[in-house]
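S.K.: First to last, the sequence lines map onto chains A and B. Letter 84 of the first sequence, counting from 1, is numbered 65 in this note's numbering, and no numbers are missing. Letter 57 of the second sequence, counting from 1, is numbered 38 in this note's numbering, and no numbers are missing.
One or more of the hints may lead you astray.
[As the list claims (entries may be wrong)] Per label pair, the in silico range of CB-to-CB distance: (1) B:G279 - A:D233: 47 to 53 Å; (2) B:G250 - A:G248: 48 to 54 Å; (3) A:N333 - B:A105: 27 to 33 Å; (4) B:R59 - A:D100: 48 to 54 Å; (5) B:G250 - A:N333: 52 to 58 Å; (6) B:G57 - A:D159: 42 to 48 Å; (7) A:N333 - B:R59: 38 to 44 Å; (8) A:D100 - B:G282: 28 to 34 Å; (9) B:G57 - A:D157: 47 to 53 Å; (10) A:R6 - B:G279: 48 to 54 Å; (11) B:E326 - A:A78: 19 to 25 Å.
[Said to hold, decoys possible] Sample of chain B residues lacking proximity to chain A, with all beta carbon distances greater than 12 Å (derived): (12) G110; (13) D234; (14) H280; (15) S298; (16) G307.
The hints are simulated quantities; they were obtained by calculation from the structure and are not laboratory data. Keep in mind the model is a prediction, meaning the values are calculated, not measured. Glycine included, C-beta positions come from ideal geometry on N, C-alpha and C.
2 protein chains.
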Amino acid sequence: MARTELLDTPFVIIDLDKTERNVARMQRIATEAGVSLRPHAKTHKMPQFAQMQINAGAVGVTVAKLGEAEAMVAGGIRDILIAYPIVGQAKLERLSALAGQSSLVVAVDSEEAARGISDAVFRAGVSVGMLVEVDCGFCRVGVPTGEPALELARIVAGLPGVRFEGVLTFAGQSYDADSEDALRRIGEEEGRIAAETARLLETNGLPAKRVSCGSTPSSPYAARVPGVTEVRPGTYIFGDLMQVGIGAHKLDDCALTVKVTIVSRPGPGRAVVDAGTKVFTSDGGDSRIGTGRGYVLGHPGIRVAWLTEEHGMLELSAEDETLRVGDTLEIVPVHCCAVVNMVDEVAVVRGNEVVAVWPVAGRGKSK
Amino acid sequence: MARTELLDTPFVIIDLDKTERNVARMQRIATEAGVSLRPHAKTHKMPQFAQMQINAGAVGVTVAKLGEAEAMVAGGIRDILIAYPIVGQAKLERLSALAGQSSLVVAVDSEEAARGISDAVFRAGVSVGMLVEVDCGFCRVGVPTGEPALELARIVAGLPGVRFEGVLTFAGQSYDADSEDALRRIGEEEGRIAAETARLLETNGLPAKRVSCGSTPSSPYAARVPGVTEVRPGTYIFGDLMQVGIGAHKLDDCALTVKVTIVSRPGPGRAVVDAGTKVFTSDGGDSRIGTGRGYVLGHPGIRVAWLTEEHGMLELSAEDETLRVGDTLEIVPVHCCAVVNMVDEVAVVRGNEVVAVWPVAGRGKSK
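Bound-form chain A, shown alone (with noise of 0.2 Å):
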């Protein structure tokens, strides 16, 4: 089947050559700062392209929620890390039985979730990895460095059912960046801020043999702070237009588009597409790129202007004018990871074939 027919629209469309380029990428950079690839599963949501990234020398996946761990570990994926505190008996049991089937690790960043999660799978007979989750900044979740991850490390590591593994940052304030230089500074603060997080607990008698950091934009250079084991990049298997104006992606490399088709041209310099914020998604806003809420491949002049539910409002250049309903065009997202989450399935592209249909197996596994 053609790239650019049959598919009905809109139609989430993944360029396999341009993700696994994306892919070899990130492993050469982790591989080159000698530290384990955990890529973000949350970007894709499907185990196929877990597979990939581990064929590539990936050690495993991390997701954020247990029903993310559940379609990876039905497809085939068994190395997880749970990036989220598990709390709450119905998923405990969850955990505790998906626990029997693949290597888990889950973050905490309280006693109450460490001990509710060592109770659960201490009574189903199994057990877990945990981490201890690190605030470095972003003032998410995380337990601040020095006393209080101590503290909380301390009580891990007495828990039955639970082996302690060493720490986890996110550094999320990397996507307000604005400059390579204020990537680096919040890459390294973080490895930083992991690293003698992971120290002090080893002075401590709490050996952290992980010491995990995340993100996209920080990973490179959280990477190649000493100390560092690990990092759980997500956004770069596909790339999009967010990544794009931190300066963490190339636009030619964004793997993701959607396909659309312009079902009305309502004025000169106007054209509406068959996909709005229940595709796009409102995530991110306008683009940093000039583009507005998305880019055209093909059609640089074009803005993606506005959004409702289920329209896309582009404003054409003159050169643009031509282009007349019925017509399609595919457009690189601001958020791709919100992207894949809309739809049910991905159509998977070599060139200009379609080679697969893929289900998203994680979809909506928000629980």
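For chain A, the structure is supplied; the task is to place chain B on it using the hints.
M.R.: Then chain B, alone, in the frame of chain A:
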């Protein structure tokens, strides 16, 4: 099953009592104004709620996408307005198939779309009704009123396989209204443009028996304009903070909430819950009522300060400091239509009891 127990989080909860009151209220508004109510099903995407609206007096439903129409027909709803131009061969074949099973009306704003639909349904030996979409100031789709509307209506009226039925407008600018006066102006203007266009067509021998106006905030005003025959509000069935902010819905009448669990208490005044933009979406940003990205039922002092993909960050008031990891909360979202589209199923509750879990049949049906 009790509402606050056993449902794993994040889980979308829909309060039936409130929903039924919302349904009855809008039906009363339409009935008193002497117009038909054809609710937009993009909000709930579930045939069960469409049936509830029809049982209360609605004449059928509106949808944006063909995939939503298919989900409605599969669920037994047979009178559907697709307020969207259907373009492209694959969709035209699906439209023709659906027209054989239901009463369909499609809105168009271009000759290309109208001819494509006519060709397809005529060849298939079926027929659909057709409305001419007229722009009433939102500048999204729609032909201008006056000569362009007349010209398109003439074309439609001459096409085989389609029945010209009237005009359709959508005053999306009502979402930016900042007072009841502004809403009234927008709604009355929408109704006036729709009705005047219809009169123009009738004067020219094209009886426009349907004059259909849209949007929850503007419908009550548009409904009272002489000549308008139908309104298509959607969000009113559940309500959300966007509608509350506009003044089109009461906070106490918001029927849809997201049940979440506190997964972290990283510091005083801070709590993190297990739902972020992958449930709440980024639509609408902060609500206008001062509680950020959501409103926590029973905790008016909490601000839903910011969201990442799977985390919701709460700022707590002093009286909420007793909240602990593992506690659950219910949050009214900013944009309910967007939230329904993120989840595969919802819990339907009556008071404190979960009476059903319904699949979101139209979820992700943007094709």
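S.K.: Does each hint fit the structure? Answer for all of them.
M.R.: Evaluation of the provided hints:
{"no.": "1", "hint": "B:G279 - A:D233: 47 to 53 Å", "verdict": "51 Å, holds"}
{"no.": "2", "hint": "B:G250 - A:G248: 48 to 54 Å", "verdict": "51 Å, holds"}
{"no.": "3", "hint": "A:N333 - B:A105: 27 to 33 Å", "verdict": "31 Å, holds"}
{"no.": "4", "hint": "B:R59 - A:D100: 48 to 54 Å", "verdict": "53 Å, holds"}
{"no.": "5", "hint": "B:G250 - A:N333: 52 to 58 Å", "verdict": "55 Å, holds"}
{"no.": "6", "hint": "B:G57 - A:D159: 42 to 48 Å", "verdict": "54 Å, violated"}
{"no.": "7", "hint": "A:N333 - B:R59: 38 to 44 Å", "verdict": "41 Å, holds"}
{"no.": "8", "hint": "A:D100 - B:G282: 28 to 34 Å", "verdict": "32 Å, holds"}
{"no.": "9", "hint": "B:G57 - A:D157: 47 to 53 Å", "verdict": "49 Å, holds"}
{"no.": "10", "hint": "A:R6 - B:G279: 48 to 54 Å", "verdict": "49 Å, holds"}
{"no.": "11", "hint": "B:E326 - A:A78: 19 to 25 Å", "verdict": "21 Å, holds"}
{"no.": "12", "hint": "G110", "verdict": "19 Å, holds"}
{"no.": "13", "hint": "D234", "verdict": "22 Å, holds"}
{"no.": "14", "hint": "H280", "verdict": "18 Å, holds"}
{"no.": "15", "hint": "S298", "verdict": "18 Å, holds"}
{"no.": "16", "hint": "G307", "verdict": "6 Å, violated"}
Checked against the numbered hints given earlier, the structure breaks hints 6 and 16 and satisfies all the rest.
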